[in-house]
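Protein chains in written order, with the numbering used here: chain W, 151 to 400; chain E, -1 to 267.
It is worth saying that the hints were derived from the structure and are not from the lab. Bear in mind the structure is a predicted one, so any value in this text is a computation, not a measurement. A hint or two may mislead.
[As the list claims (entries may be wrong)] Taking CB as the label site, the calculated pair distances span:
| # | chain 1 | residue 1 | chain 2 | residue 2 | range |
| --- | --- | --- | --- | --- | --- |
| 1 | W | Leu246 | E | Gly15 | 44 to 50 Å |
| 2 | E | Val251 | W | Thr223 | 26 to 32 Å |
| 3 | E | Gly89 | W | Ala167 | 45 to 51 Å |
| 4 | E | Asp71 | W | Pro319 | 48 to 54 Å |
| 5 | W | Leu246 | E | Ala38 | 22 to 28 Å |
From the three backbone atoms N, C-alpha and C, an ideal C-beta is built for every residue, glycine too.
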Amino acid sequence: MVGVATVASALALWWLATSGLRLLNPLRLPAPHEVWTALRQIMGSGYAGATLWEHALHSLGLVARGFLVAVVTGVPLGLLMGWSRRAEALINPIFLLLRPIPALAWIPLAIVWFGLGDTGKVFVIWLTAFVPSVINSFTGVRNVDTVLIAAARTQGASTAQVLRHVVIPGSMPMIFTGLRLSLQASWTTLVAAELVGAFFGLGRVLNIAGQDIFPGMILVGMAAVAICGAGSTWLLGRLERRVLNWRAAV
Amino acid sequence: MANRNFLGPSGVVLGKGEFWALTLAGFSLFFGTWALVAWAGWLPANLLPSPLAVWDTLVRLWQQPFAGHVYADHLLASIQRFLMGWALAVGIGIPLGLLMGWYRILDEIVTPLFDSIRFVAPLAWVPLAALWFGTGIGGPLLIIFVGSFAPCVISAYRGARLVEPRLVEAAQTMGASGRQVMQHVLVPGAMPSIISGLRVSAGLGWQSLVGSELIVVGAGLGYLMVQGQGNLATNIVIAGMIGIGIVGFAIDVVLRGIEAWFKRRWGQA
């Protein structure tokens, strides 16, 4: 109840400060009706080269591609490093060197390597999500109770069976924690990459709106980024509940 | 115990010698592949300079200004900007989180507002930040603030919630004033959670700093990299990445040290 009231009063304050009493310069904070106009413009005739749907779908597609590649490459690598001390000793140095560099810092290099098109963006999103995928899968395996592994072994389980039935399910909760974090980070990286240079996408909308000094459109862009981010996190949460439904029974 | 440390879930025991040999092999693999690709000419030098070329560039940037400043000045500009933005986030976020943890009404007022902007990626604030505070110092500060604010609030809030009500009641029964309860019970109780939140927020803040410098400012490591990219000078871009990595690593090491110090002082966290 209080929640609805606060959001409503924040909106009312916004209206009062901008249109009602005109306390704020509309070039600093747009009035609600200006945001509405911007929204109708980008939904109808488009802005920065495309409509809102096209920009959003483009950004979603990039995040989905980079994120999926990161999961497919990162999780098995993390599982391997968690399972084998040898693999860990060999691969960990590379992570020690690369991990302190935030994925955002790869954006200029990605532009030199791949240009302003999609490949460079998929590459930096892959980097963003790859490191947490590896680290959380690794930690997940290490947190599996070794007694469970020993028990499976005693009952004659092969290595493949131990992995399939004990280690991988046991590390799943940790893996999903990593995925959730890296999905949020992926959106930050994508927006940054698109702000630095892009032909399409929500970051491009923000960039052009900033150059045009079009505050209404900036807010539309920010809201679109938030909705896409929240929506993809929600989807991942649903997937997590499906995959981890055995946990409720435990 | 030491031996168990080297025992993987696969049951393979790894000796210390083998561990270090493999670690060394890992480092050599990384630098070896890099050097090989660069020297064999599989990629042109303006796409991938060799490790030695990058080292030379670092030494050169230390003496000759690029993008307006020498390397150390870019480094200091970034660190200074980061510290200001992060201090702002910590200074506002931690007290806000603690108060939200103690006063239900504040929690109910702030949480919906907080939730409704939580999903706006920090870098999406860039155009608005530039509009409000310009691209000099204010704009980037807002980006760093937005990037590191949420973990501060959340960790302080969780910490405050974790303090046992019985401890508060006990202190009150013994006649402690509101301020004393806060100082001697609530803040120490919330401290472990706050400290780990600080680490997360510093990492995110540093990341946001890099992002904001790529887009809006005229000095700093990110700016150096963008200028290098504009000149297709990959060696300068990589030199910038190394500085960013080292500072990010140092920030984490310092905060880990503080965390360990608090754990020793206040017992286990």
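Tested hints:
Under the hint 44 to 50 Å, the C-beta atoms of leucine 246(W) and glycine 15(E), about 20 Å apart, miss the expected range. Roughly 28 Å separates the CB atoms of valine 251(E) and threonine 223(W), a value that falls within the hinted 26 to 32 Å. For glycine 89(E) paired with alanine 167(W), a C-beta distance near 25 Å fails the hint of 45 to 51 Å. Look at aspartate 71(E) against proline 319(W): about 52 Å separates their beta carbons, and that is inside 48 to 54 Å.
Separation of leucine 246(W) from alanine 38(E) is about 26 Å and conforms to the stated range, judged on CB atoms against 22 to 28 Å.
Hints 1 and 3 from the earlier list are contradicted by this structure; the remaining hints agree with it.
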